[in-house]
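In order, the protein sequences belong to chains V and U. Reminder that position 71 of the first sequence reads as 71 in our numbering, one-by-one numbering, no gaps. Reminder that position 112 of the second sequence reads as 112 in our numbering, one-by-one numbering, no gaps.
Worth double-checking, as some hints may not be accurate.
What the hints assert, rightly or not - Subject to a maximum C-alpha distance of 27 Å in a straight line, what follows is the list of computed DSSO-like cross-link-like pairs (lysine-lysine):
#1 U:Lys80 to U:Lys149
#2 V:Lys206 to U:Lys170
#3 U:Lys175 to V:Lys206
#4 U:Lys131 to U:Lys80
#5 V:Lys236 to V:Lys13
#6 U:Lys2 to U:Lys64
#7 U:Lys149 to U:Lys113
#8 U:Lys64 to V:Lys206
#9 V:Lys13 to U:Lys2
#10 V:Lys4 to U:Lys2
#11 U:Lys114 to U:Lys131
If you are wondering where the hints come from, they were derived from the structure by calculation, not from laboratory data.
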Amino acid sequence: MIHKLAREELFLKTAQLFRISILLWLGLHTLLLLPFHATIFGPDAYVMRTRFDGSIWSWVFHLGAHPAVAPHYLWFFVLQLGAIACGILGIRLRITMILVYLSTMNIYNMSGVILDGGNNLSQLLLFYLMLVNTSGRPFGDNVWGAIGRALSNAAFLMCRLQIAIVYLTASLLKLNGHLWQNGMALYYLFQSETYGHPWIGALMRKMPVLSLIGTYMTLSFQYLFPIGIWMRRWRKPLILVGCMLHLGIAFGMGLFTFGLVMCVSYISFFPEEWSERILRWMPTQDKVVIAFDEHCGVCMRIASLVRFLDWQKRVVIDRAHHPMDPGLQELSLEKRLHRMQALAGQNHREGFAAILELARRLPLLVLFLPIACLLQATGLGQRLYDHLANRGWRESCRQGQCSIGTTTDLQI
Amino acid sequence: MKYRIAGACAAALLGFHLLMIFVYLGPPNLLQYQWGNFAFGYMQNIFYQNWHLFSPNPGINSVKFAVRCADENGHWSHWKDPFAGALERHQLTRITGYGKVLALFDDIAQSLKKEVATKTRLDQALQETPKQLARRFAVDYCLTRHPEKPEHLEAIQFKVMEFSPVPFTKVQDAKYLWDRVVEIPFEPIHRRLAKEASR
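In isolation and in its complexed conformation, chain V is listed as follows (with noise of 0.2 Å):
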């Protein structure tokens, strides 16, 4: 079992997705605090703060209390968000999540009093994500690679035990509570204006019975999560019971990143084929061939612009008629001028998908990743697709000529 740590990448998509999900989340998170900057981070906000005392920690996590940083403090907000966007398109991911995790701590320390436990679990999980291979590429079969590979196992079943630890603390720390034992900790929660909301609490005041029912719903979800999450057959309803109660939490309590961080952590025990079938639509670093149709001027003007978007050449670019990759030859001509064809690996994709395996490489397209996603699981990607590149236009085009634009300034 001991040297499996260090032999196999146990969470090697688990861990990239779960990179990718965990800077997603940060990144919101510090979008929505940003309109109130100046009143929470600010040198002048409204916080109880400590002194920069000159130590290591201070000079490390707590830069932004230094007289001569202070008020320049927006600059972490810059380093944090450009290290995030590197983070999730995956580029120089170690440097990148040492970033992250400096400029984050360096952020949540200038006004503690906002943090919750959805921050605490954020700082934690970033830590030892740190240590992960997030890549999705494994580690070289030499020595350094065994020990990367065992750190990194390691680093991510602690980033699992860790949110095992925060439901076992909470549930044991819960057990000296009369409001818990009694079903009424709800009741107050919702009466509370901090933590609850007018229409919840007149229902709670109206049916206390429902206080009853969601305590010790929250309570039994809570005992058993720590035991009930290794065992594959109990993962998925516990999954979805947690992500409906920390969305109710989002919600109800308005503890919205909070509740969000809680779903989110979950995906780290997705089993690697989840997260596999996620990945496909996410943005990757992992290289593409696709066939452009080479007389076509339109098609090769496309091309152009993909070459000059693909700034970190995760693309190669191959003709349709008469293409260099064994890839594409073994497909047929009829098809290769029909449709785009991508090859991604051991992945054959097509048309529409074609499209998004592009998106998922272009940095400048991940922004419309979401979208063409939506288009591609509703068929309508798809269908735009075809009725756009079988008009008339390109009908020249497959007898070995066009109409539209020349190629004789456009070489592959």
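Let chain V serve as the given structure and place chain U on it in line with the hints.
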């Protein structure tokens, strides 16, 4: 062999870290007695964690902060809750940062209440006491955002109000939203002091 050694090292690190978490989060026991200081030192800066999450009991009472301002004739404005607008927006839609802003304001009121209740002295590590912070906030509020802000601010005053909800046993017969409201008013602060605070 390399896999066994690397795996064993990683497992040992994991085991050590889990032990430290157990000592740090666990109740006072023999382990904490012997390892407590080391575990606290190890956890405090990087692995600090607190999972109370409304335990052992959620906070029952709501605390509010109110401010009023006086002009040069000594005429006082009405008491205003400076955070009412933020609360309204937070209750209207949850996908905003107003929740965190309210947590920040809530801390001012809670800290003031705590300061009064426990008569604690200024923590040397803090840049401002709760009262100093509340005064700075109240002055800024009276000068800029109070709906009845005077042309010439002469004095400010703030108070903390604590609202206790109706117990569930009395909820059927309750006539009011709150069972009990306690007010903790603070001394008015006159212009000279207010200027100092805003500076």
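Evaluated hints:
no.: 1; hint: U:Lys80 to U:Lys149; in the structure: holds, 11 Å
no.: 2; hint: V:Lys206 to U:Lys170; in the structure: holds, 12 Å
no.: 3; hint: U:Lys175 to V:Lys206; in the structure: holds, 13 Å
no.: 4; hint: U:Lys131 to U:Lys80; in the structure: holds, 18 Å
no.: 5; hint: V:Lys236 to V:Lys13; in the structure: holds, 18 Å
no.: 6; hint: U:Lys2 to U:Lys64; in the structure: violated, 62 Å
no.: 7; hint: U:Lys149 to U:Lys113; in the structure: holds, 26 Å
no.: 8; hint: U:Lys64 to V:Lys206; in the structure: holds, 25 Å
no.: 9; hint: V:Lys13 to U:Lys2; in the structure: holds, 24 Å
no.: 10; hint: V:Lys4 to U:Lys2; in the structure: holds, 11 Å
no.: 11; hint: U:Lys114 to U:Lys131; in the structure: holds, 11 Å
Violated hints amount to a single one, hint 6; each of the other numbered hints is respected by the structure.
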